[in-house]
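**Q** Given the structure of chain A, go ahead and fit chain B onto it with the hints provided.
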Amino acid sequence: MTASDPAAGSTSTEPMIRMQSVDKHFGPLHVLKDINLEIPQGQVVVVLGPSGSGKSTLCRAINRLEPIDSGVIEIDGKPLPAEGKDLARLRAEVGMVFQSFNLFAHKTILENVMLAPVKVRKQDQATARKTAVDLLERVGIASQGDKYPAQLSGGQQQRAAIARALAMRPKVMLFDEPTSALDPEMVQEVLDVMTGLAGEGMTMLVVTHEMGFARKAANRVVFMADGEIVEDSTPEKFFTAPESARARDFLGKILTH
Amino acid sequence: MNVILDNFAQYRDGFLTTLEFCAYAFVGALVLGTVIAAFRVSPVPPLRWVGTSYVNVFRNCPLTVVLFFCAFGLPEIGVNGLYFWFGVAALVLYTAAFVCEAIRAGINSVPAGQAEAARAVGLTFTQSLSSIILPQALRTVVPPLGSVIIAMVKNSAIAGAFGVGGDLFAVSDTLTSSRGEAILPVLIGVTIGYLILTIPGGMLLNLLERKVAIAR
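Which chain is which? The protein sequence lines are A and B, in order.
The first sequence runs contiguously to residue 257 in my numbering.
The second sequence runs contiguously to residue 473 in my numbering.
Isolated chain A (complex conformation) (with noise of 0.2 Å):
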């Protein structure tokens, strides 16, 4: 799949997720701003915006790990729940990639993978073990499986984690800043694997401050400035014919050097 047309992959009626004048406040601090944003199945959407313009809580606002103020947030046409069991059913169905990566610090990069799909999902563990290796596999860490998180390199953490999460079979995946916490010259190998997966026609949602992979791998482009949606179009439009000044101003600092 190129990453060209917008509508790519888009099959369901129902987007997969749905956010509807949501208002998020940290304190006096207004975060979001009325955002309303579709994100239909198989689509890969990158968030683009200058440090605080609310992009982080975006994401993380999808998967209620930032409750909202209000407004309404649907994952495949269901609402987000309140806390508790419901919302941890959700959860599972939403893959989420960290800026610190946050593997489980007292597990095996394998057990890891594991832990969600048994104790979530109540799978076996040898059907669990035989998928965790598959997907490290995929992710290129298959010989880092017994090792502990610590012991791996930014990258290679990373990728374990993208595999935790793709462990659950998710339906959207959410990646908050996926390479900045990573030396320069483990980044590639983290897009290589973000870019496969948006190719196999994963719904994503992407924060990050990868121009090239933004490009290369998404549908769509949203930049955000101060807690609003400035602009929501495709990458080449973007990247080359910004309609905001707050977008070409942001441009012209990140691509000038």
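These are computed hints drawn from the structure, not numbers from a lab.
All values derive from a computational prediction rather than experimental measurement.
Hints are supplied without guarantee of correctness; some may be wrong.
To be verified - Taking CB as the label site, the calculated pair distances span:
#, chain 1, residue 1, chain 2, residue 2, range
1, B, N463, A, D134, 41 to 47 Å
2, B, L465, A, S143, 31 to 37 Å
3, A, G27, B, Y340, 51 to 57 Å
4, B, V307, A, K85, 17 to 23 Å
5, B, L464, A, S143, 29 to 35 Å
6, A, D134, B, L464, 36 to 42 Å
7, A, T234, B, K468, 53 to 59 Å
8, B, P300, A, K216, 38 to 44 Å
9, A, E243, B, P400, 56 to 62 Å
Where is the CB? At the ideal position from N, CA and C, for every residue including glycine.
**A** Here is chain B on its own, set in the frame of chain A:
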């Protein structure tokens, strides 16, 4: 020093009673303290209030008062039994408040990202606490928990003074009051008994601390 050797059987029995008493109190306080700690970090506000109130009451009441309430209050409401068990109950209730705070400190020492990742893969609060947070909290919990447990062993002497019956501290009473032995040599024997419990206990905890270390 003859008094210790001459009454070795008494000391030994007292030591064993204290050991048994502390073993029950240790298990009870650990279980109750963990439950209260789970309450205190729970996403359900009423549970948090229960946890906080519990700690405020039992951490701030003198142990003797708790013992009084258990020894004289429990029979009032129809709970009858040996003073041994009233003593255990009081020590459990009292120590659990300190265990709770030690465990809670450990929970707070685990990076927030671990709990977030646990929630993000779909674990419930209880699952995330038992499989992700508490195992990692253990390392920071061991040293303060060790102090709490050692304090508990020493506090068992107060329960002994209340008449648990035949514990290590009560040995001193028996030997001095009814046999007229000099108090100081008798107490040296008692002290040795407590040290035999607490010093290896501390060493065991150091060992455990090294075993549960997690590389980050």
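**Q** Decide, hint by hint, whether the structure agrees.
**A** Here is what the structure says about each hint:
| no. | hint | verdict |
| --- | --- | --- |
| 1 | B:N463 - A:D134: 41 to 47 Å | holds, 42 Å |
| 2 | B:L465 - A:S143: 31 to 37 Å | holds, 32 Å |
| 3 | A:G27 - B:Y340: 51 to 57 Å | holds, 55 Å |
| 4 | B:V307 - A:K85: 17 to 23 Å | holds, 21 Å |
| 5 | B:L464 - A:S143: 29 to 35 Å | holds, 33 Å |
| 6 | A:D134 - B:L464: 36 to 42 Å | holds, 39 Å |
| 7 | A:T234 - B:K468: 53 to 59 Å | holds, 56 Å |
| 8 | B:P300 - A:K216: 38 to 44 Å | holds, 40 Å |
| 9 | A:E243 - B:P400: 56 to 62 Å | holds, 59 Å |
Checked against the numbered hints above, the structure violates none of them.
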